[in-house]
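K.L.:
In case you want the letters, here they are:
Protein chains: 2
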Amino acid sequence: MIAVGINGYGTIGKRVADAVREQPDMRVRGVAKTSPNHEAELAVENGLPLYGAVEDRLDLFEEAGIELAGTVDVLVADSDVVVDATPSGIGAQNRELYEEHDTPALFQGGEDAEVADVSFNARSNYGEAVDADYVRVVSCNTTGLSRLVAPLRKEYGVEKVRATLVRRGGDPAQSGRGPINDILPDPVTLPSHHGPDVKTVFPDLDIDTLGLKVPATLMHMHSVNVTLSTGATAPEVRDLLAGEDRIHVIPEDTGIDGAGALKEYALDRGRPRGDLWENCLWGESVTTEDGPGGTDLYLFQAIHQESDVVPENVDAIRAVTGAADREESMATTDENMGMGL
Amino acid sequence: MIAVGINGYGTIGKRVADAVREQPDMRVRGVAKTSPNHEAELAVENGLPLYGAVEDRLDLFEEAGIELAGTVDVLVADSDVVVDATPSGIGAQNRELYEEHDTPALFQGGEDAEVADVSFNARSNYGEAVDADYVRVVSCNTTGLSRLVAPLRKEYGVEKVRATLVRRGGDPAQSGRGPINDILPDPVTLPSHHGPDVKTVFPDLDIDTLGLKVPATLMHMHSVNVTLSTGATAPEVRDLLAGEDRIHVIPEDTGIDGAGALKEYALDRGRPRGDLWENCLWGESVTTEDGPGGTDLYLFQAIHQESDVVPENVDAIRAVTGAADREESMATTDENMGMGL
Numbered sequence: 320m321i322a323v324g325i326n327g328y329g330t331i332g333k334r335v336a337d338a339v340r341e342q343p344d345m346r347v348r349g350v351a352k353t354s355p356n357h358e359a360e361l362a363v364e365n366g367l368p369l370y371g372a373v374e375d376r377l378d379l380f381e382e383a384g385i386e387l388a389g390t391v392d393v394l395v396a397d398s399d400v401v402v403d404a405t406p407s408g409i410g411a412q413n414r415e416l417y418e419e420h421d422t423p424a425l426f427q428g429g430e431d432a433e434v435a436d437v438s439f440n441a442r443s444n445y446g447e448a449v450d451a452d453y454v455r456v457v458s459c460n461t462t463g464l465s466r467l468v469a470p471l472r473k474e475y476g477v478e479k480v481r482a483t484l485v486r487r488g489g490d491p492a493q494s495g496r497g498p499i500n501d502i503l504p505d506p507v508t509l510p511s512h513h514g515p516d517v518k519t520v521f522p523d524l525d526i527d528t529l530g531l532k533v534p535a536t537l538m539h540m541h542s543v544n545v546t547l548s549t550g551a552t553a554p555e556v557r558d559l560l561a562g563e564d565r566i567h568v569i570p571e572d573t574g575i576d577g578a579g580a581l582k583e584y585a586l587d588r589g590r591p592r593g594d595l596w597e598n599c600l601w602g603e604s605v606t607t608e609d610g611p612g613g614t615d616l617y618l619f620q621a622i623h624q625e626s627d628v629v630p631e632n633v634d635a636i637r638a639v640t641g642a643a644d645r646e647e648s649m650a651t652t653d654e655n656m657g658m659g660l
Numbered sequence: 320m321i322a323v324g325i326n327g328y329g330t331i332g333k334r335v336a337d338a339v340r341e342q343p344d345m346r347v348r349g350v351a352k353t354s355p356n357h358e359a360e361l362a363v364e365n366g367l368p369l370y371g372a373v374e375d376r377l378d379l380f381e382e383a384g385i386e387l388a389g390t391v392d393v394l395v396a397d398s399d400v401v402v403d404a405t406p407s408g409i410g411a412q413n414r415e416l417y418e419e420h421d422t423p424a425l426f427q428g429g430e431d432a433e434v435a436d437v438s439f440n441a442r443s444n445y446g447e448a449v450d451a452d453y454v455r456v457v458s459c460n461t462t463g464l465s466r467l468v469a470p471l472r473k474e475y476g477v478e479k480v481r482a483t484l485v486r487r488g489g490d491p492a493q494s495g496r497g498p499i500n501d502i503l504p505d506p507v508t509l510p511s512h513h514g515p516d517v518k519t520v521f522p523d524l525d526i527d528t529l530g531l532k533v534p535a536t537l538m539h540m541h542s543v544n545v546t547l548s549t550g551a552t553a554p555e556v557r558d559l560l561a562g563e564d565r566i567h568v569i570p571e572d573t574g575i576d577g578a579g580a581l582k583e584y585a586l587d588r589g590r591p592r593g594d595l596w597e598n599c600l601w602g603e604s605v606t607t608e609d610g611p612g613g614t615d616l617y618l619f620q621a622i623h624q625e626s627d628v629v630p631e632n633v634d635a636i637r638a639v640t641g642a643a644d645r646e647e648s649m650a651t652t653d654e655n656m657g658m659g660l
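One line per chain: the protein sequences are A and B, in this order.
Sequential numbering from 320 applies to the first sequence in this note's numbering.
Sequential numbering from 320 applies to the second sequence in this note's numbering.
Do not take every clue at face value.
The list makes no distinction among identical chains, and a pair is therefore deemed to hold if it is satisfied within one copy or across any two copies.
Said to hold, decoys possible - Derived SDA-like pairs: lysine to any residue, alpha-carbon spacing no greater than 20 Å straight-line:
#	residue 1	residue 2
1	K518	D609
2	K518	A580
3	K518	E608
4	K518	T606
5	K518	E583
6	K473	E360
7	K473	T422
8	K518	V393
9	K518	E646
These aren't lab readings, by the way, just hints derived from the structure by calculation.
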C-alpha cells in the first residue's frame, strides 16, 4: 500500500483524498491544514489523521477543539509520496520540506512548471513521471486540452491548436470573485498562460490560447479549433474521442445544453460533490472542414475546474512510486473512482 | 431632405430616429408603434408624429391618452424610405406594405437575408445598396465582423476567419432572458449563423464562427483569429485598424478591461444611452504569428448589440436614396453622430 500524505485539504486536496481512499493500492496517511475550518472537521470525521501545516497556528486547532496528530513534517516523513494541494505559490515554498525528508511530491497546476521535473497528464506523458521525484499535475484547463490533443495527435497529427477559454469567474464557494454581468478578456494580452502550459506537456505543439472570464461558477467552456495534418470526418473524430475514458461525449437530444445541466446530471448520477472528472464534449459540436493549413476541426468542451485533475493526481502517485504503468494505472483509477457517465 | 419613416420604435428604432435627427440631409417623417408603452410617449415628447402599426390596436393608444397621426400605411406612403426596426420576422411580413406604396425599405439583421436585395455594411459594400429598393442592415455581430474583415482583406488578404462569439444573454431591459450562472454553447452545432451571415456581405470569404451565451447583458465579446494571406506585424495591424472610423482601438493602461468599463466610459463621454457605435477592440490583444496557412492574427473586440448598427442604418438611407457615395455618407454620419472616442 502506498502511503499518501496530502498537504492542503481544500478544493483539490479533499477530492484527491477521497479518490485515494477508493483505490486498492494506496491509503491516505494523513492530511495537513493551516486552519481549523469545516474542512478540517470533515477530515477528522472521515477518520483521516490531521496535521498542522503551520507551526504558529497549531493552537488555533486546540482552541477549536480539533485534535492534531502532529505537524506536517511528521506527515511528510511518514508518507511514500505527498500530494501538495496548497494554494498557488505555496507549493513551491513547500518543496524544501519534501526535499528534506526525501519524499517524492506532486504539485498542482497553479505552481510554475519549474517547481517540478515533469508537468504531467496521465494520457499524454505518464512515462515521463515514472520514478520522478517532483511532478506537477497540470491545471484543469491544461488537463482538458491535453486529453483532447493526445489522441488527435496520434491519430491525425496536429498542425495547430487555437482555443478560446471562456472561464468561470470563480468556484461556487468563492464569493469574493467576479465579474458580475461582464465579459472580460483575461488576460487581454495573448497568448493566455494556458497555451504555454500545454507545451510543458507537448513541447513541440503549436498552440495559441485566448482567455476570457464570465459571470459563471460551475465549469470552464472551451471553444476549440484544431488544424489536423490529415483529413478526418466529424463522425471519425467523434468516435475517436468517445473511445477515450476521460472524455465524455455528450449525446444529442439529451437536453444537456451547458454547465448547469451537466452538473445536474452528475448529481443525479450520484457523483460525489457533483464532480465531472471527464472532459464533457458536445458530440453535435464536432465539425470538420478544409482549412488553409489542413483540416479544421471545431468543438466545444466543458471542464470542471474543481475535479478533472483528481484522477490525474491518483495516476501521478503511481507514476512517481513506480507502482504501475500508464494503462494499468488509468484503468485502476477509473474503475475505482467510477469514471464513465 | 430625405423623409425617413421608422416602423418600430424600440431598441433600434429609437436610436436610428435620434441619429437621423442629427443629420443635415434627412428628417424623421414619423414613427410607427404597435403599443402605447413608454417609448410611444417618448416619441410624442420628441415631437415625432406617431402612427399606429396594427389596425386593431389603435384604440389602445386612445385609451392611454396618446394621439396618433394615423396608421402606418400613411407613414409609409409619405416617406422617401422606411427603416423597418420591428422584431425579427415581422420585417418580412411588412415588406408587402412597402411594396404597395413603392417605398424603399431597410430591414434589420434579424430578418433572413432573402428579405432584401442586398445585405449591407457601409464599410464593406455600400455601393451594392445604391438605388436598391430593399436593403438589410446586417446584425450587430455581423456588422462588427464585417468592419474588421474589410480593411484586413484589402491590406493583407484573408485566408480564413475563425471567431468565437461570447454573446450577452439578453439586453439590459430583457429581464426574461438567461442564462444565469452558466455558459452555453449556442448553437451547439457549428457554424453559428454569424459566419454564413458575414458571407452575405463577403460571399467568397472563408469564415467559421462559434457562438456561446453567458450571463451578461452589456455587450458581445469576439475572440477572433484571422489567417492573413501576407505577413503583418501586430503594430501594423493595430495601426491599420486604428485608422478605421468605426473601430475604436482601446489604448493600453486605460483600465478598460471589459464591457462594464466600456459602457462607463461611453456614459462619461456623454454618449446618448451610453451607446458604443464602434467596434471596441483591445490594442494590447492584437497579436500575429506564423501559422500553418498564413499569418495568424488574434484579437478581442467588444460589440454593443444595441447600437453598432445605428450609423449603418443612416448610411443605408443615403445609399438607397442615392443621396451620397460611401465616403461622403460615412463622413457625414460620423461627424453628426459624434463618432470617435
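K.L.:
Now, for every hint given, state plainly whether the structure supports it.
P.N.:
Each hint tested on the structure:
For the identical chains of this complex, K518 and D609 are inter-copy neighbours only, at 17 Å across copies versus 26 Å inside a copy, given an alpha-carbon limit of 20 Å. When the C-alpha separation of K518 and A580 is checked against a cutoff of 20 Å, the pair qualifies neither within a copy, at 32 Å, nor between copies, at 34 Å. Taking the shortest alpha-carbon separations for K518 and E608, only the inter-copy value of 17 Å comes in at or below 20 Å, while the best intra-copy value is 26 Å. With identical chains, the CA atoms of K518 and T606 are at most 20 Å apart between copies only, with a shortest distance of 19 Å across copies and 25 Å within one.
With identical chains, the CA atoms of K518 and E583 are never at most 20 Å apart, being 33 Å at best within one copy and 38 Å at best between copies. In this assembly of identical chains, K473 and E360 lie within 20 Å of each other by CA distance neither inside one copy nor across copies; the values are 46 Å within and 65 Å between. When the C-alpha separation of K473 and T422 is checked against a cutoff of 20 Å, the pair qualifies neither within a copy, at 34 Å, nor between copies, at 61 Å. For the identical chains of this complex, K518 and V393 are neighbours neither inside a copy (36 Å) nor across copies (66 Å), given an alpha-carbon limit of 20 Å.
For a Cα distance limit of 20 Å, the shortest separation of K518 from E646 qualifies neither inside one copy, at 23 Å, nor across copies, at 47 Å.
Hints 2, 5, 6, 7, 8 and 9, counting from the list given before, are not met by this structure.
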